[in-house]
Structures are given as structure tokens and as C-alpha cells.
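Go by the hints and put chains X and L onto chain S.
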Amino acid sequence: MNNGPEGSDPKQKPVTAIPTLAHTAAERKQGLASSVLERIRQTQPRSSRIPDAAFSVLILLTAISVFAIVVFVAWELVDKSRLSLHEFGIGFFVGHDWDPVSGEFGAVPFVYGTLVSSFLGLLIAVPLAVGVAVYVTEMCPIRLRAIISFLVELLAAIPSVIYGLWGIFVLAPLLREYVEPFLAKTLGWTGLFSGPMFGIGMLAAGIILSIMVIPIIASITREVLTAVPQNQREAVLALGATRWEMIRMGVLRNARIGIVGGIILGLGRALGETIAVTMVIGNNPQVSKSLFAPGYTMASVIANEFTEATGDLYLSALVEIGLALFLVTLIVNALARLLVWSITGGSAGRARA
Amino acid sequence: MGVGIEVRGLNAYYGKLLALKSIDMTVAPNQVTAVIGPSGCGKSTFVRCLNRMHETIPEARAEGTVIVGDMNVYDNDPVEVRRRIGMVFQKPNPFPTMSIYGNVAAGLKLNGFRNRKQIDELVERSLKLAALWDEVKDELHKKSGASLSGGQQQRLCIARSLAVEPDILLMDEPASALDPISTSKIEELIFQLKQHYTVVIVTHNMQQAARVAEFTGFFLMGSLIEYEKTEKIFTTPSDKRTEDYITGRFG
Amino acid sequence: MLKQPGDARAQKVSLWRRTKNYAATWFAIAAAVLVLAPLLAVFAYVLIKGAGSVNLAFLTQTPKPPGELGGGMANAMVGSVLILGVASAIGVPLGIGCGIYLAEYGRGRLGDLVRFTADVLNGVPSIVIGMAVYGLIVIRQKHFSGFSGGVALGIMMIPTIARATEEMLLMVPNVVREAALGLGIPKWRTTLSVSLRTASAGVITGCMLAFARVAGETAPLLFTAFGNQFWNLKLNQPMAAVSLQVYVYALSPYDDWHRQAWAGALILIVMIVAAVAAVRIATSRGMLKGVS
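Residue numbers (the working numbering), protein chains in the order written: chain S, 1 to 353; chain X, 1001 to 1251; chain L, 2001 to 2292.
Only chain S is shown next, with the shape it has when bound in the complex:
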């Protein structure tokens, strides 16, 4: 730090009006780090006051614009769905029939499809993502750590439409030829694996979603596992524990809140995923117990029917579905971030969503 000349000559350019060390020390004692900057700013030549003010206004405007964008989005959704809200009320979400021709709009098939595909996706993704994270942080040779982490992150970089493309032409035939017959033979009695096997359907959607959601859960899990202090691991080992017991009692147990947060964040992502799901779910607004059957999600129906929607009510119904999606993902994401921040204490919950 500069030890410039003490005191200042008011007639000189304030460039030399550097605060004395004693003054600075006193201010620091009050714990006001920013007051140093304040004082320095007050000794600035007037000629920079206006550009400074202009700059801060500009910056403030960008921050406000972000706020404004969210408000506009929300308002737009509420406004355009007013017709449908007025017409159907809450009944919209318990109505079973989606029949644009007769003007009947019930959203149950889509809510069902969204929930089932998302939960199926999580069911597959959670053990795999937590497993990979545990492998990378606790078991893997150090040299492999960076590579495997990078590759898992790469999964998140693949665009949704490419997953969909791969889903249609690679995954679906695989399911149709091998996996679904196998499941029907072994677990068909549950009723979950029955009916015609197209390959395309709820099962395909769940699998694709799991692939897309794994990187998020794995990344957050990895962060919270690494945040567990080493002395916790040593404490368990010193009691005479196997490695798995050490991981279970000393690491996973301490990190469980953060892991749950990561899972919820993954849920938020799954609920809103559109393109890949639309391409493999079959787009049939039926509620069906079997996972082989085609389904329809809230995001998919919007993607498919929005530009074809004839009539204001039709469009409004679709916007209402979008509004519901907006609110649900908002709540889910807020909850998730709360949980993750409580463990990592800060903005570490950066989501590669």
C-alpha cells in the first residue's frame, strides 16, 4: 500500500490526498472496509463524480432489467391464461379430457405424465449419480478424478434435441427389441410392464430424463461430499470401520441434507425438460399404468400444440399449463437452493441446469 505524503494541500490535485495510515487503521477497526473506499471516493476530483454516478445508474439498470424480465414473464403468463383460468378454474387440473375440438381442456394427463416421467427419471438417476459422486470423491485413484468429473459434466453439455434424436433412433429400438420384452417377461405381473411395446413411451422418457439429470445431482453431491471435513472420516476409521462404513457414517450422513437439495434441483430440471421428452414419449394424452404406454407431459403439449392452437381458449389453456410449470419449478428450485446453501454456505450451488 502506498505511504504517500501525509495531509493534503487543498489546492493540489486530490490525487495526492491519500488517507493517512492512522486514519485508515481507525476505520478498519470499526470493521467498515467499505468506508476506506468511501473516504477515497470523497477525495476524488469532482470531474469523476458524474461518470461514477452515471455508471452506477447504468449498472443498477441492468440489475433492474433482470428483475423486470422475470416480472414480465410472470405477468405475460398470468395475462394470457386469464381466459382459461376464468373458464375452468381449479377444475382444469382435475379434468381428464383434453379435447380441443369440443373445447374440453383438462390437464390431468399432462400432470400425470410430467410427474411419472420425472420421478422415473429420478429413480434411475439418484443411485447412479450418488454412486458416481461417491466413487469420484472417496474411491477413485487421484489421477482419474478430474477426468471422470469432466466427463460427467460433459453429459450436461449435450443439447436436449440430440438426446431426443438419439432416443428415437437408438434407445427406442433397443427398448423395443430387448429391454421391454425382458421386463414384460420378468416383471409383467406388476402391471407396470404390459401392453404393446413401441420402444417410444414413458419408459424411454424416464431413461432419457435420468441421463440428463445425473450431471446436476452428481455435481452437487460431489461438492457436498468434498465439503465434509477430513477429521470426520478419520474419526470413523479410528473406531475400526471398513471403507464403506466410513463413507456411510462419516461422509454421506453428514452430507445428506445437501444431497437431498441436489436431488430436488434435479427434479426441477426434469419437470421442465421439453424437447428430449417430447421426442420419445409418444405424445398421447392418456393416463396409463404401464410404462410401455405413450404419455404426454405439460412441457410437451405446449411444444406440440402451441403453434397449432386454434382459438383463444385453446391457447389460453396451454398458457395456463405453462404458468403451472413456471410456479412448480420456481418452488422446487427455491427449496433446493435453500438446502444446498445450508451445507455449502454460499453460492456453491451453482446449477449447470
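Just so you know, not all the hints are guaranteed correct.
[Said to hold, decoys possible] Not the full set, but computed from the structure, chain S residues with beta-carbon under 8 Å of chain L: (1) F67; (2) V101; (3) S102; (4) F119; (5) L120; (6) L123; (7) P127; (8) I214; (9) I302; (10) A309.
Source of the hints: derived by calculation from the structure; they are not laboratory data. Computed from a predicted structure; not experimentally measured. Built from N, CA and C at the ideal position, the CB exists for glycine as well.
Quick look at chains X and L alone, frame taken from chain S:
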């Protein structure tokens, strides 16, 4: 009744670095042995080699012979070794997600204890041995392990180690993170514990070594320079280096 | 007597515990393999099925009418570049500005509100953003446009860039700022030329990550840019994009279009990988001034 430790030719490595050079030491049963020396002399490494915690650090390994009672430490499953040799760390590390009861019972649950009554008894006994029972007996299940004061947390960690009935208790600077009152409580505790256990304590505090230990080993740069009755080391050390350390010329 | 024989003296670690340990290790390894397998599979298939179709015709021609063979995605590639250009022009300044606000000016309640808002924006499904922009712009203009597509994508870039900028700026030590201010450099210039410059590597990485994320987006373009089978360089007309084209082709019943979809997918992946790699190379070679 008690169990002794026999160390012969112990070498410890961090990667290529030789941190402990051919250590020989015999620890008699039911005695407290202090390990002293300046920072970086290898005293923590030595103690961590006794219960095979040293090798949990990546690229670290140890060679030589360590015999605890009738068990050849490096010839046995490290998991079993660590159950028979307890360890208390410098910074108290209770499990924050478990209650006081849960902390003490943790080692028992790991070893397959299921009988609730049996566990209750062992938890009570361990907490009494650690001189913590009276302070926490009404809040065993309600308070978490981390909500206690520093000194209490360390005694909790001692109780946790004792619950699985080890033969030896290793303590790595157990009181260095504590206030003077807690420190003296811990020292008193060590004095009591030696009736039942053999204790090896690492300390950078020479007065502490003089207060609690019958034998003291002085380490310097990875070698055991002198190993003697505590009284003798602090009054008439044989080696000049020991004398220099004791009188404060370095470290 | 303190030590009772029997109960606490299980001699060997039980077989059950050892089995659990092995099983856990193998499960974790299996998880790693199962997670990485689709990555490999997707990359492999895109490469194998797409490489053969990325030829000169594909890169220079526009789509042929449905059912006819041949044609290409030249218009979609140009369209993507234009749309992403608009998106970056909106997303980068707003994102960096917001990040500067959060790091330098808004450490209080208002700052918390803005941060929360940016998080909310990050979590909004992309299709919902597309719908909102449709209402805000497309309906008012009464036609689809590349511009509205750029706006939708730009909005999606903001949270990622803002958060990266904030994090990077917070990592710049206060002494650097104080030194600059003590030399008489006004605050606005300190923020731009000193703080931001020091943080530039991370900020640029953030921008490229945001760019890579939106480059492959399809949903927000469905009701904004809408797509276009012909050449169009006008931003106020419907515009083609590679991601849109791949989507439409994949869902079509024509084999030739399927073939071209794979080629388009390859183009997309190459674009994204190139963007990320370029940033890595530039920052590691220190080609960015002011980077330590």
C-alpha cells in the same frame, strides 16, 4: 491385564520422503507414554503408524514391526487393528448429526451390537470412564454431539473410543485446542484411564508430559533420540539435543 | 473387572461387513460405468451417423421440399449464428452488468432480491421463456422473427453470466481496488479496467458456458424464430436454426431427413465443443490481457 506395545525398526514414508527412521520403542502395559518433539519431528506420524491411520493418506506407507499385546499390527486386517487401538484427535471431532448417545454407540453399532440394553450399559460405562456422564446423563438423546463445549466434546470423543473396549488409547495432542480448565480435566482423566489402558500421548507441551507420563520419548527429524523415564529426561537427559529442546533452545 | 471377555471382542471383521464393503465398491464402479456409457454412446452415434452426411452440399444448400433427397442446412447454420449473435448482444451486457451490480454495489437487501430473481430465471423451463417472449414480441409484431428468438436465448444467458461475473469479481482482492482508487482512478474505471479485467478469464468462461448452453436450445425457438426452409438473413422474419432443423427432421417420416438430422447434430456438437475449447485454449495461453 494391560497390553504393551513393541515397535521394531519402524520406517514411515510420505511418497518418497522418509519421515520416520527405524524407530525402536517398547511401551509397558498400563503406563502413560508421552511423545514430544518440535514441529515436524514425526511424533504424530509415529502414533498414527501404531493404529495404521498413517496409510490412509494417499501415497503414505509404513514398514517395520509393531506388536500390540499378541497382535502383529501390520499383519492383521487394519479394520480390526483400529478397533483394538483407540484414537483421540487434536481437534475434537464428534459426529454432528448424532446425539451424545449416538456418538458413543457409533463404534458399537459398527461392530454389530444390536441389544439395546447392552448398548445402554456400555454407553453409560464409557461416559463414566470419560468423566462426562454426570454432565450429560439427562440429555443423552436430546443434545447433538456438536452442541457441547470444546472440553466436553473431547471427553465425548474419548468416551466414543473407549466404548469399543480398545487395548490401547492413542492421543494426538488431545488438549491443545482446549482452554486450561478443560486441559487439566483431560489430564486428570488420563491419569485415571491408565489403570485400565495403555496410553500414548503426543504433546508439544513439556509440562503436560511431565504431569501425566511415566515415560517420555523425544523425537527429532524422524528419529527417536531418547526414550526414558520422564523424570530422567527432564532433569538429566543423556543426549545434548534432548537437553537443547527441553531448555527451549529450539522448537 | 473392566474388560469382559466375549461381547466387545469379535476377533475378525465379520464376513457380512466385508461383503457389504466389496458390494459398495463395485456398485460405485458400476455407477460410474453406467453414467459414462450414454455419453460415449451419444457421441459415437452422432459421429458415425452424421459424419458421412456432412458434405459440401449439406453445408451450402438449403432444404429441399419434403420427400425429395438432398439439400442441406446452410440457412440453418447462418440463422443460428445470427440468432446467437442477438442473444449474446443482449445476454452478455445485461449478465455482466448484473454481475457487477451484485458484486460491487448490491451487497444488501436489494442485492439479495436481484440474486434471487436471477436464480428464479435460471430455473424457468426454456419452453416457458419461449411462450413469454411469444406474448411480448411475436404477438405484437404479428410475425415470428429471428430477433425474438435471440431475445429468448439472450434472457436464458443472463443468470449464468451474472453468477459467474459476481463470483469472479468477489475473488478479486479488495487491496487491488483500494490501490487503484488510492491512485486517483475513479470508481467506474476501477471496476471496469481493474476489477473486471482481473476477473476477465472467469467472466469470459462464464459467457462461453452460457453460449454453449443456449446454442443447442430448441424449445425457446419453437414459437419465436419458428424456423425457415429458405434463405433468410433478415432478423425480423422467421429464421432457421440448426437445433430447430434437427428437431423437425428427426420427427419427420422421411429417411433422408433423418440422415440430415444426424449431420445437423454433429454440427451442433462441433460448434459447442469448439466454443468451449477455444475458451480453454485462450485462457490457458494467457492470450487475454490482464489475466494472471
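Checklist entry - Looking at the structure, which of the earlier hints fail to hold? => result 2, 3, 4, 5, 6, 10
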